[in-house]
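Novice: Assemble the complex: chain A is given as a structure, and chain B with the ligands must be docked to it using the hints.
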Amino acid sequence: MSMEVEINFSLNGIATQAHVPPTMTTLAMLREKFDLTGGKLACGEGECGACTVLIDDRTINACLMFAVDCDGREMQTIEGLASASGLAVMQQAFVDHGAIQCGYCMPGMIMQAKYLVEQNSGQQALTRDDIARGLEGNVCRCSGYTKVVDAVAAVVLEENQTGERAS
Amino acid sequence: MNIESYNAPDSIAEAAQLLQGGNATVVAGGTDLTPQTESGVRQFAATLVNIQRIDEMRGIGVMNGRIRIGGLTTVTDILESKLLADEAPVLVDAADRFASSQIRNASSLAGNLCNASPAGDMCIPLLVLDAEVELACWDGESISTRKVSLERFFTGPGKSVMVAGELMTAIEFPRCANRFVAAFLKSGPRPALEISTVSMGLSCSLTDGVISNVRVAIGAVAPTPLRAKRTEAALEGKVLNEATIQLAVETAGEEVSPIDDVRASAWYRKHLTGVYIRRLLNHVNGS
Ligand SMILES: Cc1cc2nc3c(=O)[nH]c(=O)nc-3n(C[C@@H](O)[C@@H](O)[C@H](O)COP(=O)(O)OP(=O)(O)OC[C@H]3O[C@@H](n4cnc5c(N)ncnc54)[C@H](O)[C@@H]3O)c2cc1C
Ligand code: FES
Ligand code: FES
Numbered sequence: 000m001s002m003e004v005e006i007n008f009s010l011n012g013i014a015t016q017a018h019v020p021p022t023m024t025t026l027a028m029l030r031e032k033f034d035l036t037g038g039k040l041a042c043g044e045g046e047c048g049a050c051t052v053l054i055d056d057r058t059i060n061a062c063l064m065f066a067v068d069c070d071g072r073e074m075q076t077i078e079g080l081a082s083a084s085g086l087a088v089m090q091q092a093f094v095d096h097g098a099i100q101c102g103y104c105m106p107g108m109i110m111q112a113k114y115l116v117e118q119n120s121g122q123q124a125l126t127r128d129d130i131a132r133g134l135e136g137n138v139c140r141c142s143g144y145t146k147v148v149d150a151v152a153a154v155v156l157e158e159n160q161t162g163e164r165a166s
Numbered sequence: 000m001n002i003e004s005y006n007a008p009d010s011i012a013e014a015a016q017l018l019q020g021g022n023a024t025v026v027a028g029g030t031d032l033t034p035q036t037e038s039g040v041r042q043f044a045a046t047l048v049n050i051q052r053i054d055e056m057r058g059i060g061v062m063n064g065r066i067r068i069g070g071l072t073t074v075t076d077i078l079e080s081k082l083l084a085d086e087a088p089v090l091v092d093a094a095d096r097f098a099s100s101q102i103r104n105a106s107s108l109a110g111n112l113c114n115a116s117p118a119g120d121m122c123i124p125l126l127v128l129d130a131e132v133e134l135a136c137w138d139g140e141s142i143s144t145r146k147v148s149l150e151r152f153f154t155g156p157g158k159s160v161m162v163a164g165e166l167m168t169a170i171e172f173p174r175c176a177n178r179f180v181a182a183f184l185k186s187g188p189r190p191a192l193e194i195s196t197v198s199m200g201l202s203c204s205l206t207d208g209v210i211s212n213v214r215v216a217i218g219a220v221a222p223t224p225l226r227a228k229r230t231e232a233a234l235e236g237k238v239l240n241e242a243t244i245q246l247a248v249e250t251a252g253e254e255v256s257p258i259d260d261v262r263a264s265a266w267y268r269k270h271l272t273g274v275y276i277r278r279l280l281n282h283v284n285g286s
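Residue numbers (numbering that gives the first Met the number 0), protein chains in the order written: chain A, 0 to 166; chain B, 0 to 286.
Watch out, some of these pointers could steer you wrong.
To be verified - Coverage of chain A stretches by chain B, computed from C-beta distances (three or more under 8 Å per stretch; other residues unrestricted): (1) 28-34; (2) 62-70; (3) 110-116.
Hints were generated in silico from the structure; no laboratory data involved.
We put the CB at the ideal spot given by N, CA and C, even for glycine.
Pulled out of the complex, with its shape left as it was, chain A reads as follows (with noise of 0.2 Å):
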């Protein structure tokens, strides 16, 4: 099986082209095409969100998604969210309240994280369950939770208190 197909979509803000197999998933793509291995392969089978990316302003499994349906889309890694003038709120919330622990997990609860709170802007500010139900397609074995429900209500309050997108 040595078909390939060609595919263009927005990497991260940038124009990215590639010659994929039609069976290889967008994780297999990201981490062997791009090294782009914030991503993880934990479970493959969608239950544990390691692998979560942005796909149209909407999180996905990409270890579930076929890399040739990234075709004319636009995806948002990890990889993607610091910026020159350092990490994301999100990211240095993690950091701020110690969420992270062997970090396996993290770039896909991070993703999803950030979805969560962007879904939310201009609704009634998100409560400690609500954020809870968000994440529940993300496996942490570290952390225990608390203090990943700590960072992200921490950019909550902070979104609430200056009325601005914070994530």
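Specialist: Leaving out everything else, chain B with the ligands in the frame of chain A:
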């Protein structure tokens, strides 16, 4: 696995032509397909048809007095739909108990039905809403469509009346009359990311204490999502009191044929069936 061609058509007509002949695999969100092909329980056909670019298969609206949902509409779209929150909250409730945020973002409604799992969560509310599915294929010159009642769609675990070459383009159901009550329950140790141990939906009208137009659907207790016709008959036209509820509990327990598996024993599933029908009928009484 010998894939000879990959296609991403942007219209139903083009997709139907590609599927002609049948030696093709339809790819939507991939949330069922990827685990099945990666684990080897299923092989890809020679032609892959990725239907995600077919915009005419997305969206939720009203057509000819019926609610129409495009086959590619995601579970997230259902969860966020104002129209469905007003007109079919039972479907929105089931969407809320579906997997995780990431899986809901990728999962298409048609994919959930076509996968034909006895535990498919969208099947249960759609059965009580008396839904029909629209199937399209290429007849040599143009698209030909047929509509199948969801009740007759499933034929076994992973099996349906859909034939090779067909595409599920839309799902439709009638708008609900006044006094119509519908509710959904799903069991599993966690609120979501859980394959149903038992799920149940019920819809009916309640007038002066009398229950009518009853529809009951139960998931994960039979080879297909089950329309519980005997339970419905036991309830139809009765005064909804304790004796009626007890009769429904007993009938439902006899009507299901669950299996033992890693998630639960057959005994427990039967027991839960009784608990759920009681809970749903109490909910109807209280509403
Ligand atoms: C971690 C995890 C948790 C889950 N939790 C739940 C849950 O709580 N409840 C639940 O019900 N399900 C659950 N699922 C399964 C659910 O994600 C799928 O059933 C989903 O809805 C399938 O849609 P898809 O677009 O991803 O389909 P795909 O995987 O792309 O396709 C599924 C099947 O349908 C065929 N197909 C797809 N669309 C069409 C069409 N329009 N016409 C003809 N054939 C078509 C495909 O060829 C394939 O055989 C879960 C899955 C995972 C991985
Ligand atoms: S690796 Fe993708 S969800 Fe676990
Ligand atoms: S920090 Fe180790 S798995 Fe989450």
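Novice: Does each hint fit the structure? Answer for all of them.
Specialist: For each hint, the structure was consulted:
1. 28-34: violated (count 0)
2. 62-70: holds (count 7)
3. 110-116: holds (count 3)
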